[in-house]
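Participant: For reference, the chains in residue letters:
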Amino acid sequence: MMENKKLNILIPILSVLLGFLVGAIVMLAFGYNPIEGYAALFQGAFGSMYNIGESIRRTIPLVLSGLAIAFAFRSGLFNIGAEGQVFVGWFAAVWVGVAFDLPAIIHIPLAILAAAVAGALWAFVPGILKATRGVHEVVVTIMMNYIALHTTNYLIRTLLSDGGSQSERIANSAWLATPGLQEMFGYSQIHWGFIVSIIFAVFVWFFLEKTTYGYELRAVGFNPHAAKYSGMSVKRNIVLAMLISGGLAGIGGAMEGIGTFGYMYTHGAFTNLGFDGIAVALLGANTAPGVVLAAFLFGALKVGALSMPPLSGVPAELVEIVIAMIIFFVAASYMIRLVIMRFKKEEN
Amino acid sequence: MEKYVIEMLNIRKEFPGIVANNNINLQVKKGEIHALLGENGAGKSTLMNVLFGLYQPEKGEIRVRGEKIKITNPNVANELGIGMVHQHFMLVEPFTVAQNIILGSEPTKGAGYVDIKQAEKEIKELSDRYGLSVDPSAKVRDISVGMQQRAEILKTLYRGAEVIILDEPTAVLTPQEILELISIMRNLTKEGISIILITHKLKEIMEVCDRVTVIRKGEGIDTVNVKDTNVDDLAALMVGRQVNFKTEKTPAKPKEAILSIKDLQVKDARQAMMVKGLNLAVRAGEIVGIAGIDGNGQSELIEAITGLRKSESGEIKLNSKTITNLSPRKVTESGVAHIPQDRHKFGLVLDYPIAENIVLQTYYKKPFSKNKVLSFKAIYEHADKLIKDFDVRTPSPKTKARALSGGNQQKAIIAREVDRSPDLLIAAQPTRGLDVGAIETIHRRLIEERDKGRAVLLVSFELDEVMNVSDRIAVMFDGQIVAEVKPEETNEQELGLLMAGSSKEKARQKAGEEK
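Read top to bottom, the protein sequences are chains A and B. Letter by letter, the first sequence follows residues 1 to 348 of the UniProt record's numbering. Letter by letter, the second sequence follows residues 1 to 515 of the UniProt record's numbering.
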């Protein structure tokens, strides 16, 4: 048993190392110096307070979308719709930020709550269809993503601006960032959303692992038949899981809306925050602490990538290869497990 | 001519952490029926998978017709004339028997045109030669389980098998079908084909086998001639101690009716009526066994009682309170416990620790949770107690249910169900796939519950079990209880005929003639 727990931690770590190794091989193959490349990457992610602040800022929404996906996964659902839920959450938070003038202590929580409700409602549709009609959530959530993208674009043009491609700026009382904090981190875009994301990581951990709700959700996720047999309502749990998952993704959107940007702009394509959440959840083994660490890794990689071309000449896309390889190795964990077992055997 | 067709010598097969086979010898003579006997997990399947080329042994050698060879994959096994009939058939249901049999080695004419007529002719000849009476043009989904099994046997013969491995072949058959299978096995051996029969049913071995190799905990114990041994000795070899077969019990002292079912009608998932106006009563302090062939509405009946399936009409009463169409939780709370037929699908969350499985229906109550927060201290204390009381062999209550043996999983389920002190205990196939030792324990537990004054409803496809444990047998056929008999007043033949739909008078008469 303990063996298994160790493996569950060892596999993501090994996958990350192997991902970097493949990245280095690719760099070598194309005539770049991998040491310089990775030095630039590290410099870009952690080289100064500014870079650290940016890495954290990039991490915040990933933690929340990662938690959203992980939460659904643990309940046996694949919420590909985190992307759309991020959009509606972002929109709802910005709308509250623009439309009201309230003290910050009320305004910020209200904006976050609005985002959570919006995300939850967006996830409710696939949830209720799955629970009552057995429609597969992947199909519905993918469609809901497009509806979210185009609906928010339309509402930004009509409701939040006069035909423009960007909303008004939110009231200062709804802004999650403070000049003091940004100054401390070299005038980066960092905001207090990191505290929000930690709070929700703790919430997800406690809810899933320690409460009867989490016990039911996990039971439904592992084995819906046994859950039904033991008197749990599978339908109610599916809807609940989607509501909370959508709410978390919606808050992820709020972090962009009232944190990073302070407004919303029309999007030509998806933000990928929701989709990256899938990778984060996978690498984090669908646990709250794992998600926080994985989100931080991906956030730092994405920020660090920007410094690779100027400092080492390595294209920033290399980081995408590294991330893809990490995911590949996590997904192929069976292979890694086999190799570890083989080593163990030889030791004996 | 060489003496043995198959020789497996000093086979050792390891998996990480366990030795599944250690120093096992198996020598099969041409034209004999050789039983491979052992409890579940003894290593029978591993050994056969080694022979079939699915696993490579760490040590030991395999000889086929005296020649030392390496069987690297199942195709090599097929070419060597080794065929296997798995317990779960590998058939494509919408295909005909012939289409299934030629699958993978289709005879073609010209540009890939499958010559099904020729194949059907060949299959018919084979079928007649061994007395299998299989219709090659029938669709698999339309034929009985027994005929499906014969189609599987035909498949191995069509591919030129001279050694056929049968994995627990009688588990799915009715008593009559078992008799047919036995005569087919005899026909096959007359034609020089050897059969390896994997089983843990001793009666079958005594009836049809020539020799038997016993393995226990991965070790080869002995190979004996069947005519020099008896059921008790074989059981002792298999389990490693003396086994008591006849379940000891005092006569039942039934009291008031606990469960009464009136005119119950239940549909299955495909909207076919499976329970058709069923009436049944179970009293406190008695075990009622439902005998019947799988698929006659037993599953739907149990699901209707436990709230897992809606009933169309009729009434289910527990202690004179109506529980028809209540939710599973309400049914559980009103005093019904259920040992489900499929313990992996329904009985356990395999990825939960055993302790969390033990509170599967009570987690929301005190002391296991307070204000919706689980109290793991109480959950684990409770698990420790039940694990001790019911002798569940597990390294720790934290061990995942998946890691336990079938017998210990079942003991954990029984512990959980019985511990709630239910008025009615429903046990569906409670010993399916378990070994002799575990079966003994579970039967004893059911009788203990009866003696505590609980009503026990036992559903089983094993006639031995129904006859041994029940105080009263209700035969279920086509969605109804067609007869009620006392175990001491009936026999397997009569029950078999009743289960196949004969009336009681006819069955009695016919069973008498067969004797």
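Keep in mind the hints are simulated off the structure, nothing from the lab. For each residue, glycine too, the CB sits at the ideal point set by N, CA and C. Keep in mind that the hints are not guaranteed to be accurate.
What the hints assert, rightly or not - Label-pair restraints from in silico Cβ distances:
#: 1; chain 1: A; residue 1: 21; chain 2: B; residue 2: 93; range: 30 to 38 angstroms
#: 2; chain 1: B; residue 1: 322; chain 2: A; residue 2: 142; range: 42 to 50 angstroms
#: 3; chain 1: B; residue 1: 419; chain 2: A; residue 2: 10; range: 37 to 45 angstroms
#: 4; chain 1: A; residue 1: 310; chain 2: B; residue 2: 73; range: 34 to 42 angstroms
#: 5; chain 1: A; residue 1: 106; chain 2: B; residue 2: 419; range: 29 to 37 angstroms
#: 6; chain 1: A; residue 1: 338; chain 2: B; residue 2: 294; range: 36 to 44 angstroms
#: 7; chain 1: A; residue 1: 102; chain 2: B; residue 2: 395; range: 39 to 47 angstroms
#: 8; chain 1: B; residue 1: 260; chain 2: A; residue 2: 10; range: 55 to 63 angstroms
#: 9; chain 1: A; residue 1: 338; chain 2: B; residue 2: 107; range: 48 to 56 angstroms
#: 10; chain 1: A; residue 1: 320; chain 2: B; residue 2: 56; range: 55 to 63 angstroms
What the hints assert, rightly or not - Below, simulated EDC-like cross-link-like pairs (lysine to aspartate or glutamate); rule was C-alpha separation at most 20 angstroms, straight line:
#: 11; chain 1: B; residue 1: 276; chain 2: B; residue 2: 312
#: 12; chain 1: B; residue 1: 317; chain 2: B; residue 2: 228
#: 13; chain 1: B; residue 1: 372; chain 2: A; residue 2: 209
#: 14; chain 1: B; residue 1: 400; chain 2: A; residue 2: 317
#: 15; chain 1: B; residue 1: 377; chain 2: A; residue 2: 209
#: 16; chain 1: B; residue 1: 139; chain 2: B; residue 2: 167
#: 17; chain 1: B; residue 1: 398; chain 2: B; residue 2: 423
#: 18; chain 1: A; residue 1: 6; chain 2: B; residue 2: 32
#: 19; chain 1: B; residue 1: 109; chain 2: B; residue 2: 128
#: 20; chain 1: B; residue 1: 276; chain 2: B; residue 2: 315
#: 21; chain 1: B; residue 1: 310; chain 2: B; residue 2: 268
#: 22; chain 1: B; residue 1: 330; chain 2: B; residue 2: 351
#: 23; chain 1: B; residue 1: 370; chain 2: A; residue 2: 183
#: 24; chain 1: B; residue 1: 30; chain 2: B; residue 2: 167
#: 25; chain 1: B; residue 1: 366; chain 2: A; residue 2: 320
#: 26; chain 1: B; residue 1: 310; chain 2: B; residue 2: 351
#: 27; chain 1: A; residue 1: 210; chain 2: B; residue 2: 381
#: 28; chain 1: B; residue 1: 365; chain 2: A; residue 2: 36
#: 29; chain 1: B; residue 1: 203; chain 2: B; residue 2: 222
#: 30; chain 1: B; residue 1: 246; chain 2: B; residue 2: 7
#: 31; chain 1: B; residue 1: 201; chain 2: B; residue 2: 167
#: 32; chain 1: A; residue 1: 210; chain 2: B; residue 2: 315
#: 33; chain 1: B; residue 1: 29; chain 2: B; residue 2: 315
#: 34; chain 1: B; residue 1: 124; chain 2: B; residue 2: 210
#: 35; chain 1: B; residue 1: 398; chain 2: A; residue 2: 36
#: 36; chain 1: A; residue 1: 5; chain 2: B; residue 2: 222
#: 37; chain 1: B; residue 1: 201; chain 2: B; residue 2: 448
#: 38; chain 1: B; residue 1: 321; chain 2: B; residue 2: 351
#: 39; chain 1: B; residue 1: 249; chain 2: B; residue 2: 478
#: 40; chain 1: B; residue 1: 29; chain 2: B; residue 2: 222
Participant: Could you tell me which of the numbered hints above are not met by this structure, giving the numbers in increasing order?
Facilitator: Structure breaks hints 1, 4, 5, 7, 9, 10, 12, 14, 16, 17, 18, 19, 22, 23, 25, 26, 28, 30, 32, 33, 34, 35, 36, 37, 38 and 39.
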